[in-house]
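*Asks:* Here are the chains, one letter per residue:
Number of protein chains: 2
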Amino acid sequence: MLYYENPLRASWPEILARPVLDSRSFEMQVQQILEEVRAHGDDALFRFTAQFDRATLDRLTVTETEMAAAAGKLTDELKAAIEMAKSNINCFHVAQKQEIAVVETLPGVRCWRKSVAIERIGLYIPGGSAPLFSTILMLGVPAALAGCKEIILCTPPRPDGSVDPAILYTAGLVGIRNIFKVGGAQAIGALAFGTESIGRVDKIFGPGNAYVTLAKQLVSKEGIAIDLPAGPSELVILADASADARFVAADLLSQAEHGPDSQVILVSDSSELLSEVRNEVQVQLTVLSRKNIAEQALKNSRLILVQNLATGLELLNQYAPEHLILNCENAILLAEKVVNAGSVFIGNWSPESAGDYASGTNHTLPTYGYARAYSGVSLDSFVKKITFQELSKEGLQSLGPAIETMAAAEQLDAHKNAVSIRLAALREGVIS
Amino acid sequence: MLYYENPLRASWPEILARPVLDSRSFEMQVQQILEEVRAHGDDALFRFTAQFDRATLDRLTVTETEMAAAAGKLTDELKAAIEMAKSNINCFHVAQKQEIAVVETLPGVRCWRKSVAIERIGLYIPGGSAPLFSTILMLGVPAALAGCKEIILCTPPRPDGSVDPAILYTAGLVGIRNIFKVGGAQAIGALAFGTESIGRVDKIFGPGNAYVTLAKQLVSKEGIAIDLPAGPSELVILADASADARFVAADLLSQAEHGPDSQVILVSDSSELLSEVRNEVQVQLTVLSRKNIAEQALKNSRLILVQNLATGLELLNQYAPEHLILNCENAILLAEKVVNAGSVFIGNWSPESAGDYASGTNHTLPTYGYARAYSGVSLDSFVKKITFQELSKEGLQSLGPAIETMAAAEQLDAHKNAVSIRLAALREGVIS
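Protein chains in written order, with numbering that gives the first Met the number 0: chain A, 0 to 431; chain B, 0 to 431.
Extracted from the complex, chain A is given alone in its bound form:
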């Protein structure tokens, strides 16, 4: 872990620099996979699945029988945990529903916005070593709340052609019926272009490796929306002397185990805490199953001593972390000063894991500094807000002259004329 003591402001950009993401070396390969899927549909999917997932499939669809069998393979404890998480996520996201509010900007000029579900969405859920069924809750629950008509889930099969039962069970629980055994860039291609089995969607959600991420980026240039641009997962902790070093160390490690490129930064005004945490990390690390991954991530992690918490806040706002834990005495007050972050965890009893799984907030969040301008996934991500306006004759009579004047000044005669011709008709009284 790299240690910085009261670094000069001028050095912050360098200290806070993220690794450069360079996908150029495999862009050609990903583009080729996409083109193959576009040209050959299901055939290409079967082929790539055999090649990359070492699974030979007869069909891409998960059957009703497979779905029905999934529940029996999960412990009751796990099913109850998933139920609790689902309920909390539902509770938090249902509160994001917005009523239609008609605004009468002038008498007879009525304007409103209406949230309308995106009709067809695709969810990508990575398989492999860790089946991320929690992400199905994070995407499937708001999609169902929004009322998306068609929800398609793609996930890579295991070599024996099966899908992890936790994935199938969770998908069933949130009402997803269209599940396909296809992963990688080829799954993104299928969702973007459609194949014989898989319908084309309007927006693609979900995490994935560098190939999946790049594929999402490439299809987004062709008009398919995506949830968020993606980078490695990140955590910043701002902690003072009141924090428990064991908890802080555990939180840092929970982020570090995500991947060797995870970003982990601890900022504190207490050098004692920093050194305690450094020791505690080593202690806790030894027993982790993903120790090797966490160790690599820790090599690039940073411990930063700052003169006071206000400076710490400035520094973290400049970094714009995906996850931010405020483990300080006045955490709730500090939270008000957070400007750039995806999700914020307040106090000693709010580990990042809570939001990753079950507190109710969404865990699909902006990484790589995107928190400066992007929000995490929410109910909003599954709808578009269409604006409506209805003018009465009186409304147009009040507003019309201003429109004519502005259109004329912008030298758009036909824009002006669309109003003038109506005002003339009203003046002539030939229109009822």
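Heads up, some of the hints might be wrong.
Identical copies carry no separate label here, and so any pair may be met within one copy or between two of them.
[Unchecked claim] Calculated lysine-lysine pairs in the DSS-like style (CA-CA distance at most 30 Å, straight line):
1) Lys290 with Lys78
2) Lys148 with Lys78
3) Lys220 with Lys298
4) Lys336 with Lys220
5) Lys78 with Lys392
6) Lys96 with Lys78
7) Lys384 with Lys96
8) Lys85 with Lys384
No lab work stands behind these hints, which were simulated from the structure alone.
Given chain A, work out where chain B should sit, using these hints.
*Replies:* Using the frame of chain A, we list chain B on its own:
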């Protein structure tokens, strides 16, 4: 205008196809401009401004003197019109403010979302033949409402080095003080990377020609957010026999005059209306100042006869227009069935021009079919919504076991441990 009579559903995709946008021919040039700006800052901006705008500048900044002089160059009528538009836009967008609502998903698990302004934004306003000061209102008013700290406006100078006074006046009116005389891809580069004079921003808004659009797309790959992917402007009108053909023709022309690539589609269940509109378009076209542009756009426009309005609605939802006028007897009922559109204009007295300028809704809208998944610009575009969560000891005790179970099932031990270590401390009672 191309005429289609009750086209078969299978032919819809072809009839509704948009022109392919291919920017590959000038991608290299735009990329070079961006790299020059990144490497040489202001120097490059002066150079490109001399080259492309034929303006030799001493300074990029618009001075206080220039700002102060602008008002005197506008008629009182235009100033009043801009004021009215500003007031309506403000009225509609202020209603989009959201209060923070804390959701207690479980006792002791408090979660909320907070809208926080994007700190630094850039607005691009095209100059040239038509100074689009209306776009300054559409972007500047919600930016001010959101509380963006730094708002930078770039607009190309005229050959004499001046900027259209309507642009300066409107910018001043919405409180924008940082205005720079730079246009094209070089302006986008300046906003994305920063130069000696122009600060780097987090998000770039605003319309532009194909170079500007491509530059926005290219910098968005480097982590700068942009408002919307852009394509040519579009209008669909669904009209029945009750519509006034003169109004419909005027509305079609108001879209057609935008540019030769504008998309204009009229859908109706009345062949009489379609033929009347076709004639009326020719009549009105003759007197337009932008007649040549409109004529070119009309060549690709479509008149589509459908058996009934329900079919018309299906067809337009499939197209997903930027602007949609419903000029039918039951327009308000039909509006409820609109699934894909940017902004909808209801009835005989709601021309698109109303929304373009002054009704209060935003005119920065999704084109090119993006309306299937994207919303137009709104207050939301100028904020990110940060989620917060605060667990009490009791909250963690209720939620903790579910998190542990799920983390274990996803094979993320360290995620589990961040909870376990806290629950153990609580059990041992060593923590106050």
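*Asks:* What label fits Lys148 with Lys78 when the C-alpha limit is 30 Å: within, between, both, or neither?
*Replies:* Close inside one copy (26 Å), not across copies (47 Å); limit 30 Å.
*Asks:* When no copy is specified for Lys384 and Lys96, does a C-alpha distance of 30 Å or less occur within a copy, between copies, both, or neither?
*Replies:* Both ways: Lys384 and Lys96 sit 12 Å apart in one copy and 14 Å across, limit 30 Å.
*Asks:* Quick one: Lys290 to Lys78, C-alpha cut-off 30 Å, is that within a copy, between copies, both, or neither?
*Replies:* within (28 Å within a copy, 67 Å between copies)
*Asks:* Give the relationship of Lys78 and Lys392 under a CA distance limit of 30 Å: within one copy only, between copies only, both, or neither.
*Replies:* between (59 Å within a copy, 24 Å between copies)
*Asks:* Is the C-alpha distance from Lys336 to Lys220 at most 30 Å within one copy, between copies, in both cases, or in neither?
*Replies:* So Lys336 and Lys220 pass the 30 Å test across copies only (29 Å; inside, 36 Å).
*Asks:* Checking Lys85 and Lys384: alpha-carbon separation at most 30 Å within a copy, between copies, both or neither?
*Replies:* Result: close both inside a copy and across copies, 25 Å intra and 21 Å inter.
*Asks:* Regarding Lys96 and Lys78, is the shortest C-alpha distance of 30 Å or less found within a copy, between copies, in both, or in neither?
*Replies:* within (27 Å within a copy, 38 Å between copies)
*Asks:* Regarding Lys220 and Lys298, is the shortest C-alpha distance of 30 Å or less found within a copy, between copies, in both, or in neither?
*Replies:* Classified as between: cross-chain Cα gap 27 Å, same-chain 35 Å, threshold 30 Å.
Comparing the model with each earlier hint shows no violations; every hint is respected.
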